[in-house]
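The lines below spell out each chain.
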Amino acid sequence: MVFVKSHAIISPLGIGSEQNFDAIKNNKTALQPYLFKDIGTLTVSKFDQNYLYDSLGDISCNDNQITFQEYLCIKTIEQATQHLEINLKDSTTLFVFSTTKGNIDILENSNFNAEKLYLSSFAKTITKHFQNKNTPVVVSNACISGVQALEYAHLFIKSRKYKNIVVCGVDVVSKFVASGFFSFQALSSSPCKPFDSSRNGLNLGESCACIVISEDESSLEIKSITSSNDANHLSGPSRTGEGLVKSIKQTLKLAQLNPENIDYICAHGTATIYNDEMEATALQQCDLNTKPVNSFKGYYGHTLGAAGILETVLAIKSLENNYLIKSMGFEKLGVSTELNIQSESTNYVLKTILKTASGFGGCNASLIISKS
Amino acid sequence: MNIKITNYCIFTNNSIVVNNDVLVYFESTDFDLNTKKIYKNLNIDYPKFYKMDCNSKLGFITVEVLKQSTFEFSEDTCVTAYSKAGSLDTDKKFHETIKNSTDFYPSPAIFVYTLANIVIGEICIRNKIKGENFCFISEKFDINESIEFIETLLQDKVASTALLLWVNYDSSEKYECFSFVLNKETKDHLNSNYLTFNKENLTKLINNGRTNS
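These protein sequences, in sequence, are chains E and Y. Note that my numbering numbers the first sequence so that position 117 is 117, with each residue one more than the last. Note that my numbering numbers the second sequence so that position 120 is 492, with each residue one more than the last.
Be careful, since some hints might not be right.
PhoX-like mimics (lysine-lysine), calculated; alpha carbons at most 20 Å apart, straight line [what the hints assert, rightly or not]:
| no. | chain 1 | residue 1 | chain 2 | residue 2 |
| --- | --- | --- | --- | --- |
| 1 | E | Lys89 | E | Lys163 |
| 2 | Y | Lys529 | E | Lys253 |
| 3 | Y | Lys529 | E | Lys158 |
| 4 | Y | Lys439 | Y | Lys412 |
| 5 | E | Lys128 | Y | Lys456 |
| 6 | Y | Lys456 | E | Lys116 |
Facing chain Y, from chain E, some residues (calculated, C-beta under 8 Å) [stated by the list, open to error]:
| no. | residue |
| --- | --- |
| 7 | Lys37 |
| 8 | Thr100 |
| 9 | Ile104 |
| 10 | Val137 |
| 11 | Gln148 |
| 12 | Phe156 |
| 13 | Lys175 |
| 14 | Phe176 |
| 15 | Ser179 |
| 16 | Ala231 |
| 17 | Lys246 |
| 18 | Asp287 |
| 19 | Phe360 |
Keep in mind the hints are simulated off the structure, nothing from the lab. It should be emphasised that the depicted structure is a prediction, and the values quoted were computed from it without experimental measurement. A virtual CB, placed ideally from N, CA and C, is assigned to each residue, including glycine.
Work out the full structure: start from the sequences and follow the hints.
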């Protein structure tokens, strides 16, 4: 069996899972206007890097070429592992990273070695800091990267190859990514509104999150994780939602659970017209549309490679606290199926949760975590 | 669990080798020239090909050749791709369109390809593959890691077939793609010549595929 051992978040809303969960309980959002050169003002969630460096301090290392993304990962992993008794240097510990663009902003900034553009190099810088000799794994599968990194970890704890796997996801809002999404006209100029009738696009966000997966028993078991592909279109989800349906049904089957057993769904909910409609359709086809569902993107924006980890940590916090967080930005249902969008933050008994994700390239993924 | 390599295709800047035959030796190492040649020779009628970036074309064409017009993928095939460069070539091309204020002109047609996994998307769309799909970035094609991953994957999931890829496009002169169709051994395989999916065989096939000039 596979368990959640610990977790951490470093985001514009705070340092640590606790600080972040408290912030969103109190309706705080990281989304703010930000002026991008040549693009204009976008609503995004962005770090105050100087504040972060002041709060968290320097990293002592021989290689003084640490990028902000690498720094974030190191600090987040330290947060997640500081009270644990596991040996990060040990061969029974593996590091798995989830990122879509890694150090892509190096293209704009020649201060760093171009070698760092390779995600394998980005990962190695971090594991070298922790003196772990295993080659790190890097999952880069668009917006399902986070959930898929957890899937990889699940497979290799289950197969008993490793005792502990540190899964860390990160992405930043670079001009590269902002320009790209801007060219797609996928962005909303105001704070995003997942599942809402007036939703008109996503907001980009930055974050770093980490979950330590282990064979050591804890109260949180990861029951199953699967992925699938729509085999339909590269940049738009399948209208039928069949790819996500396939993954959700398979995840339920492997967990030996029925839809009734799910207490809450942490959706992908990017607030684009097409994604939210597709997810609603998929949930209905899986007999899950009466269950409470939310999206965290109204608080953090779409954090791409970090999203699957960040949002799973928040779902875990909800599970641990028997508390449902309201879906920020939602006022009136704007999808063609009936959904039970959580419109206020409230106490709620939770035992089993489902997380979903979908991304460019037609990929989908889902996971189930159960509390004992 | 025994896994068999039932089909494979290796595309480098020197040649394409498919299931033990050298399909063609290239006179030039130029990617555009060579892929165009293959596309035309195979009579592939797929206009979406022209929109693809180099990384996607590389993976796509290799799998088209692997199919040899006779092979069909099952819907539940697990696709696993490894790469070192991922979408880096296209990333640089996209960056060119945004780096100067005076000619800032981001193109959604290029941007969609600035992700390592899009090559998998193209292959899945073409072949109606809807199963598990993993995309990894690694420094090199790690034979031990990929064997262990596929074995673990097929052990754990319902699927009995996997498509394993190493797709690495560095430049118009430097690129290579390995593709292997892997199947859990069944009674039908017992009298076949299919190679077992292990380190020795994989190394042999890759070396054979690479050294042709």
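Comparing the hints with the structure gives:
no. : hint                   : result
1   : E:Lys89 with E:Lys163  : holds (12 Å)
2   : Y:Lys529 with E:Lys253 : holds (11 Å)
3   : Y:Lys529 with E:Lys158 : holds (12 Å)
4   : Y:Lys439 with Y:Lys412 : holds (15 Å)
5   : E:Lys128 with Y:Lys456 : holds (19 Å)
6   : Y:Lys456 with E:Lys116 : holds (12 Å)
7   : Lys37                  : holds (7 Å)
8   : Thr100                 : holds (6 Å)
9   : Ile104                 : holds (6 Å)
10  : Val137                 : holds (7 Å)
11  : Gln148                 : holds (7 Å)
12  : Phe156                 : holds (7 Å)
13  : Lys175                 : holds (7 Å)
14  : Phe176                 : holds (6 Å)
15  : Ser179                 : holds (4 Å)
16  : Ala231                 : holds (4 Å)
17  : Lys246                 : holds (6 Å)
18  : Asp287                 : violated (20 Å)
19  : Phe360                 : holds (6 Å)
Figure legend: structure checked against the earlier numbered hints; the only hint not met is number 18.
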